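**Q** Generate coordinates for the entire structure from the input sequences, incorporating the hints supplied.
Protein chains in written order, with our numbering: chain A, 1 to 249; chain B, 1 to 249.
Since the hints were derived computationally from the structure, they do not count as laboratory data. These numbers come from a predicted model, not from an experiment. Be careful, since some hints might not be right.
Since the list gives no way to pick out one identical chain from another, each pair is judged satisfied if it fits inside one copy or across any two copies.
SDA-like cross-link-like pairs, simulated, lysine to any residue; straight-line CA separation at most 25 Å [claimed, not checked]:
hint, residue 1, residue 2
1, Lys43, Gly117
2, Lys249, Ser196
3, Lys230, Phe35
4, Lys147, Glu50
2 protein chains.
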Amino acid sequence: MKYIESVNNPKVKQWKKLLTKKERDKSGTFIVEGFHLVEEALKQGEQVLEIIVSDKVGLPPRWDAGSTPVTSVTEEISTSLSETEAPQGIYAVCRQSNQEVQDAKTMLLIDAVQDPGNLGTMIRTADAAGIDAVVVGRGSVDIYNSKVLRSAQGSHFHLPIIRGDLHEWIDKLQDKNIPIYGTALEGASAYTDISSGASFALIVGNEGNGVAKDLLSSTTANLYIPIFGKSESLNVAVATGILLYYLKK
Amino acid sequence: MKYIESVNNPKVKQWKKLLTKKERDKSGTFIVEGFHLVEEALKQGEQVLEIIVSDKVGLPPRWDAGSTPVTSVTEEISTSLSETEAPQGIYAVCRQSNQEVQDAKTMLLIDAVQDPGNLGTMIRTADAAGIDAVVVGRGSVDIYNSKVLRSAQGSHFHLPIIRGDLHEWIDKLQDKNIPIYGTALEGASAYTDISSGASFALIVGNEGNGVAKDLLSSTTANLYIPIFGKSESLNVAVATGILLYYLKK
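**A** The structure is reproduced here in structure tokens:
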């Protein structure tokens, strides 16, 4: 196992740069942190490029790192890579997903969701609901942001999570006659009025403004979740869960 | 309007103490921050004791503060009361709810949920679903924690949110023949197998450990949400939304 002690080592500098979206995009890689996420990355295998461990922790014996290179670093270097308050001292550098999703039958399209906790929770929820792919449109927080990765709890390694132009995706889905459901407060049907089939796409949107009007005008139908009490709206991740589990039935 | 300039003013010291659970409990009050929450507090009216505004902001003209005392303070005092990164300069001191919930027909019982964002989102979701009352059991984050209040977006003023012993509540609900549904991964039925009536109570639990076993053994039935993909579980607030909207139908 390689051991790095100097914070000025070029590898350390490169890892630290992965904390920025700019470098993640340039390199086509991202970094995950903590035992759970690194284990999920290893289980999936294909995307993992290397593992980094603090010299205060080791790889759990039950893990199979296979031929993935593992580098041990000082606690100081380890902590400098962390974006959490209680670093666990373990990281994996992974390749960004470039998976084909042309044959996806169920999709979640996300328009301009800005809170990383919300986006990560929505990705985790889509995974749980057995959705085939998630497309994240412009104006959303980066899908490889560390808080998005943490909230998604490893779902990035379970299904394709890609960036895309939502207008283009609507066109593609329409060509395949897959019904597309937007979410809107006006001009929409109660979600329970829809009975979905084996294929569908759901579009959910920004925390304050919802889904953009020009997207809503291209959907098969727009849905709303009735508010029975006095709150003005639901959290977008909660709404996504209610709708995906209803449509998936 | 009273104006306070000194950070050593006894009122300022008392307000600051409300940032701690200890003082909130001792005084039976809590403090909310920001235009949306203060407006929701004023709309409800009964619980609001006083309003505090920075001398850099004013009350929006459309608000009706009625006879509620309003105190203007320096920006320095205002900022010292804030628990957000971008303080809006407006606060309300409110009385803790002591509402009777004996005639509630639908209830959400929360066991040891520790993340304030989750607890607040669950309270907001219960409000949206038209649930009559929320009981928060021991081991949960304080219901008047500032992040719980922010995530709940004013729902504290829309329905009774109370602390309570969940075992006692289960006994009371059983006496009234209200079905109680726990949530569990083992020994449970898929939630879609249940058809609920006009009355029910749902118990949801801790992010890592779920609902305590001794609570689950006293329920009418325990439910699980099927995982169709590869994620291990759903976020507790998302799960609460799926179940409440299913049961409420």
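**Q** Evaluate Lys230 and Phe35 at a C-alpha cut-off of 25 Å and name the case that applies: within, between, both or neither.
**A** This pair counts as between: shortest inter-copy Cα distance 17 Å, intra-copy 41 Å.
**Q** My question is about Lys249 and Ser196: at a cut-off of 25 Å on alpha-carbon distance, are they close within one copy, between copies, both, or neither?
**A** both (8 Å within a copy, 18 Å between copies)
**Q** Within, between, both or neither: how does the pair Lys43, Gly117 come out at a Cα-Cα threshold of 25 Å?
**A** within (24 Å within a copy, 30 Å between copies)
**Q** Is it within, between, both, or neither for Lys147 and Glu50, if the alpha carbons may be no more than 25 Å apart?
**A** Classified as within; 21 Å inside a copy, 37 Å across copies.
Consistency note: the structure conflicts with none of the earlier hints.
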